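Q: These protein sequence lines map, in sequence, to chains A and B. Going by the working numbering, the letters in the first sequence line up with residues 2 to 55, in that order. Going by the working numbering, the letters in the second sequence line up with residues -5 to 246, in that order.
Derived by calculation from the structure, the hints in this document are not laboratory data. None of these values were measured; they are calculated from a predicted model. A couple of the hints might just be wrong.
[Stated by the list, open to error] Here are the computed distance ranges between Cβ atoms for each label pair:
(1) A:Leu36 - B:Ser66: 13 to 21 Å
(2) A:Arg53 - B:Gly12: 46 to 54 Å
(3) A:Val29 - B:Ile57: 25 to 33 Å
(4) B:Arg213 - A:Val29: 32 to 40 Å
(5) A:Asp48 - B:Trp101: 48 to 56 Å
(6) A:Thr23 - B:Pro131: 32 to 40 Å
(7) A:Asp48 - B:Ser208: 14 to 22 Å
A virtual CB, placed ideally from N, CA and C, is assigned to each residue, including glycine.
The lines below spell out each chain.
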Amino acid sequence: MPALPLGEAGKYVAAAYLVVFTLVIVYVAIMAAKLQRIERELETLNDLADKRTQ
Amino acid sequence: MYGKGLRTLSIASAASLGTALGLVFFYAPLDADQGFIQKIFYIHVPLAIVTLFGFIAGGLMAIKYLRSGDRSWDMRSYVAIHLSIVLAVAVLITGAIWAKASWGHWWVWDEPTLVSFLIIFLLYCCYQPLRFSIEDPERQARYAAVFAIIAGAFVPLNFIAVRLAQAFSHPRVLSTTGGDMPGSMRLTFLVSVLAIALLYVTLWKLELTSKNASYQLKRLRQRLELEAEERQTRGGAPAPPVSTVPASPRET
Chain A
2 MPALPLGEAG
12 KYVAAAYLVV
22 FTLVIVYVAI
32 MAAKLQRIER
42 ELETLNDLAD
52 KRTQ
Chain B
-5 MYGKGLRTLS
5 IASAASLGTA
15 LGLVFFYAPL
25 DADQGFIQKI
35 FYIHVPLAIV
45 TLFGFIAGGL
55 MAIKYLRSGD
65 RSWDMRSYVA
75 IHLSIVLAVA
85 VLITGAIWAK
95 ASWGHWWVWD
105 EPTLVSFLII
115 FLLYCCYQPL
125 RFSIEDPERQ
135 ARYAAVFAII
145 AGAFVPLNFI
155 AVRLAQAFSH
165 PRVLSTTGGD
175 MPGSMRLTFL
185 VSVLAIALLY
195 VTLWKLELTS
205 KNASYQLKRL
215 RQRLELEAEE
225 RQTRGGAPAP
235 PVSTVPASPR
245 ET
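Kindly produce the complete structure, drawing on both the sequences and the hints.
A: Dropping the structure here:
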């Protein structure tokens, strides 16, 4: 097949890079959500431990 | 313990990814045959290489687990394979986009490289269902390790088999003779491989840190529950039960 014109090739290249970028962002976002949940639970357990020592 | 060096790794991977993108779009020349569409090569091939090495690393970590019995190696192996599966999805999608642009088809069944990668991907898709179908944690880790080792050994075998086959259309970019890339393209490609490898290690460490934090939290919760039970049996004032800890402060 002959090389695609820049305008058309650009769409494919942008799509390929966007797919990878989106996957990485989604992965990091899921990790961040998990970390937030851990932080919340840790705070609650900390409060609970404080109440017990009082 | 897993989070050590995470900040440095994150900065290094962000910097190398930025450098790689700069080289891809402003330094590497346009391919004489494929033109601008060849830029997909700099993301697709490094991703594929790192994914396959990730699968092999998962197998090696599984060997380490079986030899030592240390559960942390099982966790490392699990995260490496899990992350490689995610990257394999990106490899398949970017490959399909490149195939459509340069061959006119989203998928070509008579191309050994594509089909062999799909076989490896489908093989590893069985890893998680197998792992989580076993309830006993010890058996789960052992069976998953055996799977990871066998599948990990299959990856280089598959790669060699494809190399031996006479591929007619898939380009060979790495060979003992140095391939056909000019110096500027080669440099861009190597920086891209380094950037993706660093990204992989960063995400691997990030997930390991998160899983370890979850595990430590679970242990802390269990300890507090045990202490609460001991207090009650000693006849003291009953402590607030840990099981009532809300998942979210908004629920209070």
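Q: Each hint: holds or not?
A: Taking the hints in turn, this is what the structure says about them:
1. Checking the proposed 13 to 21 Å range against Leu36 of chain A and Ser66 of chain B shows it holds: the Cβ atoms sit about 20 Å from each other.
2. A beta carbon spacing of about 49 Å between Arg53 of chain A and Gly12 of chain B agrees with the range 46 to 54 Å that was offered as a hint.
3. Between Val29 of chain A and Ile57 of chain B the beta carbon distance is about 30 Å. The supplied range of 25 to 33 Å therefore holds.
4. Distance hint check: the CB atoms of Arg213 of chain B and Val29 of chain A are about 26 Å apart, inconsistent with the given range 32 to 40 Å.
5. A C-beta distance of roughly 55 Å is found between Asp48 of chain A and Trp101 of chain B, which places it inside the suggested range of 48 to 56 Å.
6. The given range of 32 to 40 Å is respected by Thr23 of chain A and Pro131 of chain B, whose C-beta atoms sit roughly 34 Å from each other.
7. Under the hint 14 to 22 Å, the C-beta atoms of Asp48 of chain A and Ser208 of chain B, about 19 Å apart, fit the expected range.
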